[in-house]
Amino acid sequence: MSTVRPGYVRPLDLRHGRVDMSHGSGGRAMAQLVEQLFAAAFDNEWLAQRNDQALLPRPEGRIVMSTDCHVVSPLFFPGGDIGCLSVHGTINDVAMSGARPLWLAAGFILEEGFPLADLQRIVASMASAARAAGVPIVTGDTKVVEAGKGDGVFITTTGVGVVAPGLEISGDRARPGDRIIVSGTVGDHGMAVMSQRESLAFGTDLVSDTAALHGLVAAMVDAVPEVRALRDPTRGGLATTLNEIAGQSGVGMTIDEAAVPVLPQVEAACEFLGLDPLYVANEGKLVAIVPAAHAERLLEVMREHPLGRRAALIGEVIADAHHFVQMRTRFGGRRIVDWLAGDQLPRIC
Amino acid sequence: MKYIDEFRDGALASRIAVAIAAEADPGRSYNLMEFCGGHTHAISRYGVSDLLPAPVRMIHGPGCPVCVLPIGRVDLAIGLALEQRAIVCTYGDCLRVPASNQLSLQKAKARGGDVRMIYSPADALKVAQAHPDREVVFFAIGFETTTPPTALVIKEAARLGLANFSVLCNHVLTPAAITNILESPEVRELGTLPLDGFIGPAHVSTVIGSRPYEFFAEEYRKPVVIAGFEPLDVMQAILMLVRQINEGRAEVENEFTRAVTRDGNLKAQALVSEVFELRRTFEWRGLGMVPYSALRIRAAYAGFDAERRFALETRSVADNKACECGAILRGVKHPRDCKVFGTVCTPENPIGSCMVSSEGACAAYYSYGRFREIAVVAAE
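Protein sequence lines correspond, in order, to chains A and B.
Taking the numbering used here, the leading residue of the first sequence gets 1, the next gets one more, and so forth.
Taking the numbering used here, the leading residue of the second sequence gets 1, the next gets one more, and so forth.
Please note that the accuracy of each hint is not assured.
Facing chain A, from chain B, some residues (calculated, C-beta under 10 Å) [to be verified]:
1) Ile43
2) Asp50
3) Pro53
4) Ala54
5) Arg57
6) Ser184
7) Tyr220
8) Pro231
9) Val317
10) Val340
11) Thr343
12) Val344
13) Pro347
14) Glu348
15) Tyr368
In silico BS3-like cross-links for lysine-lysine, where the CA-CA straight-line distance does not exceed 30 Å [stated by the list, open to error]:
16) A:Lys149 <-> B:Lys109
17) B:Lys267 <-> B:Lys109
18) B:Lys155 <-> B:Lys267
19) B:Lys126 <-> B:Lys107
20) A:Lys149 <-> B:Lys126
21) B:Lys155 <-> A:Lys149
22) B:Lys339 <-> B:Lys267
23) B:Lys109 <-> B:Lys126
24) A:Lys143 <-> B:Lys267
From chain B, some residues computed to sit far from chain A (all C-beta separations above 10 Å) [as the list claims (entries may be wrong)]:
25) Asp9
26) Ser29
27) Arg45
28) Gly47
29) Ser49
30) Gln84
31) Leu152
32) Arg188
33) Glu253
34) Asp337
35) Tyr366
36) Ser367
The hints are simulated quantities; they were obtained by calculation from the structure and are not laboratory data.
Predicted, not measured: the structure shown is a model, and the values here were computed from it.
Cβ atoms here follow ideal geometry from the backbone N, Cα and C, with glycine treated the same way.
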């Protein structure tokens, strides 16, 4: 009499286990990791198809697509971690076209030896960020590299969204006379992460501002479809974003230092490290360029949204063949707010 | 921010600006050199020049630690990283200083050199303790401000008996550089560099005190006002210099009384002289060989001296021919007088050292002041 014994697979040791090369080899170990960790957390109808691709309905309207790689160190920081950051980052890049984000794809590069407990924490954080945002992670991939060839975990996410008819939001549409609005305090994310770096670690109650901004964007474009440009000032901070838009649109800008919202903790930490908050990364803020006539209305709408409470009008677009971003300093002088050269490095004395 | 904002107050600044404009004689000129890169940075970042009347002209001096670092010394550090396979620790600003063969410490790192950015010399000591099997060299640069911490780690390394830690010492001295400028032909004979007064360093003076500047005021008849690094400090110092010049006085005055005394920090001075001694001569980028202008590690701490330990010989390497950093550092030329400024030489690809640190005259002007004379191609 033949009997087929049900197979027993020892569950992943999520407490003490570590990623090993077999988790990327395409064998049972990998299937188990995908099932027990990723699929269990992200759980949705497209992932449930268990195919190498997600079969999606065709959305109405113009489609936008964006991708973003995440390599943050440390992986866990006050206010977030690489997991929720990788969801928010791509949702925001999609949303800055005025689009409604629909789906995400996620690619993981794991380093051999990475604790499964940490991976689970990161995946759970991604899942809850995606769920809160209403944007499911519908497909993904995992690879493992040898110890020493990665930095724990790298995550790449790709997002797809759809833009409503009538919206024309693009970095090349800023025109002289337009107003420049920022959705809140700048530099929070960068300084929160820096406060945790091994060589720097300083005591602070700062938390990252990481957040998905598509809700705020939806409210903004509903009320003021005339918005010309939107961008989230991530790496390189507000200064870099303004320079990008100025260059793309072939205009100059002038901003008022006193009008740019900065938390006192961020200002103090920057002071102490010799950094400039205008160049420090944000993960939950946006810059909007809007015709002057609609600026007040847009500010109102933004301030009604929880992610735009501290929105502020910081300056205006001007005609300038050199595409300089200038700033009136609080001190009463003027200066250029230039592109960052290399990394922002602390000064010596 | 409490305590700092008070020194950046725009309303107070405009009051001092009114006083300067009222007291500065439109019939004469006030050529004031801020020696220190910290002042250069403050002037550029806060737009102080916009608040000054036409007769007052600020000249950027050579007090930027990475700007005066000669190529040959950076080459030594790169050699330690790439050939001796030592871990080279240094301050962030040093990483991008251009050296020979189109290298810099940052580029040496990309070629496999173990180069680490640190915030404090104590971090270099930690690196040495964590890697007992590797040679760890702290590439020490800076004026009198950064010298006492270097002295401290050398003493600490001696106390711990660390056998794998050494310091490549490039510490230089402010008064020697001021003398060099005052003795230069441009100031003494040619008259191409009119100099009516100095803003004295802030942090350097907390260590050495205000006394060393008395010689300049007395001997060269140049007023000196020691000022803090906040923009209001600078404005106040300019007003004090204008008054001295108007009254024909040449004295050392101290605007930065909240931190600087006449004698300075005696404990730090004692520490420095215990560990370091004067070098007979040292090369400065821009100024050339300047006698008694730098420090070396005393024989008692020879084991921690990277130059002795690795038998290093400094080669003098000329700057790129088109680069005007030398003349700019001496105040003889303005960044806009340099042909490569803003074209081949930008903060992304510095040819000369003045374009590296935000304290450097060229980088400060490029990053903050360029819009005043717009002849520069914007970075695409």
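Hints versus structure:
1. Ile43: This hint holds: isoleucine 43 of chain B lies near chain A, its Cβ roughly 9 Å from the closest one there, short of 10 Å.
2. Asp50: holds, 4 Å
3. Pro53: At 14 Å from the nearest chain A Cβ, proline 53 of chain B fails the 10 Å test, so the hint is violated.
4. Ala54: violated, 16 Å
5. Arg57: It is violated, given that the least Cβ distance between arginine 57 of chain B and chain A is near 16 Å, above 10 Å.
6. Ser184: Violated: closest Cβ of chain A sits about 24 Å from serine 184 of chain B, beyond 10 Å.
7. Tyr220: Violated, about 25 Å.
8. Pro231: Constraint on proline 231 of chain B satisfied, holds at 5 Å.
9. Val317: Hint violated; valine 317 of chain B Cβ to chain A Cβ min 22 Å, cut 10 Å.
10. Val340: Since chain A brings no Cβ nearer than about 16 Å to valine 340 of chain B, farther than 10 Å, the hint is violated.
11. Thr343: violated, 14 Å
12. Val344: violated, 14 Å
13. Pro347: holds, 3 Å
14. Glu348: With Cβ-Cβ at 5 Å, under 10 Å, it holds.
15. Tyr368: holds, 4 Å
16. A:Lys149 <-> B:Lys109: Status holds; Cα separation ~17 Å.
17. B:Lys267 <-> B:Lys109: With a Cα-Cα distance of about 37 Å, the restraint between lysine 267 of chain B and lysine 109 of chain B is violated, given a limit of 30 Å.
18. B:Lys155 <-> B:Lys267: Holds, at roughly 14 Å.
19. B:Lys126 <-> B:Lys107: Judged against 30 Å, a Cα distance of about 24 Å means the pair holds.
20. A:Lys149 <-> B:Lys126: holds, 25 Å
21. B:Lys155 <-> A:Lys149: At roughly 38 Å apart (the allowed maximum being 30 Å), lysine 149 of chain A and lysine 155 of chain B break the hint.
22. B:Lys339 <-> B:Lys267: Judged against 30 Å, a Cα distance of about 46 Å means the pair is violated.
23. B:Lys109 <-> B:Lys126: holds, 20 Å
24. A:Lys143 <-> B:Lys267: It is violated: about 57 Å lies between the C-alpha atoms, which goes past 30 Å.
25. Asp9: Per Cβ check, aspartate 9 of chain B is inside 10 Å of chain A; nearest 8 Å; violated.
26. Ser29: Holds, because the least Cβ-Cβ distance between serine 29 of chain B and chain A comes to about 21 Å, which exceeds 10 Å.
27. Arg45: Per Cβ check, arginine 45 of chain B is inside 10 Å of chain A; nearest 6 Å; violated.
28. Gly47: The assertion about glycine 47 of chain B is violated, with a minimum of 2 Å to chain A.
29. Ser49: violated, 7 Å
30. Gln84: holds, 23 Å
31. Leu152: Nearest chain A Cβ is 16 Å from leucine 152 of chain B, so the label holds.
32. Arg188: holds, 29 Å
33. Glu253: holds, 22 Å
34. Asp337: Answer for aspartate 337 of chain B: holds, closest chain A Cβ roughly 19 Å.
35. Tyr366: Incorrect as stated: the minimum Cβ-Cβ distance to chain A is 7 Å, not above 10 Å.
36. Ser367: Violated, since 5 Å does not exceed 10 Å.
Checked against the numbered hints given earlier, this structure breaks hints 3, 4, 5, 6, 7, 9, 10, 11, 12, 17, 21, 22, 24, 25, 27, 28, 29, 35, 36; the rest are met.
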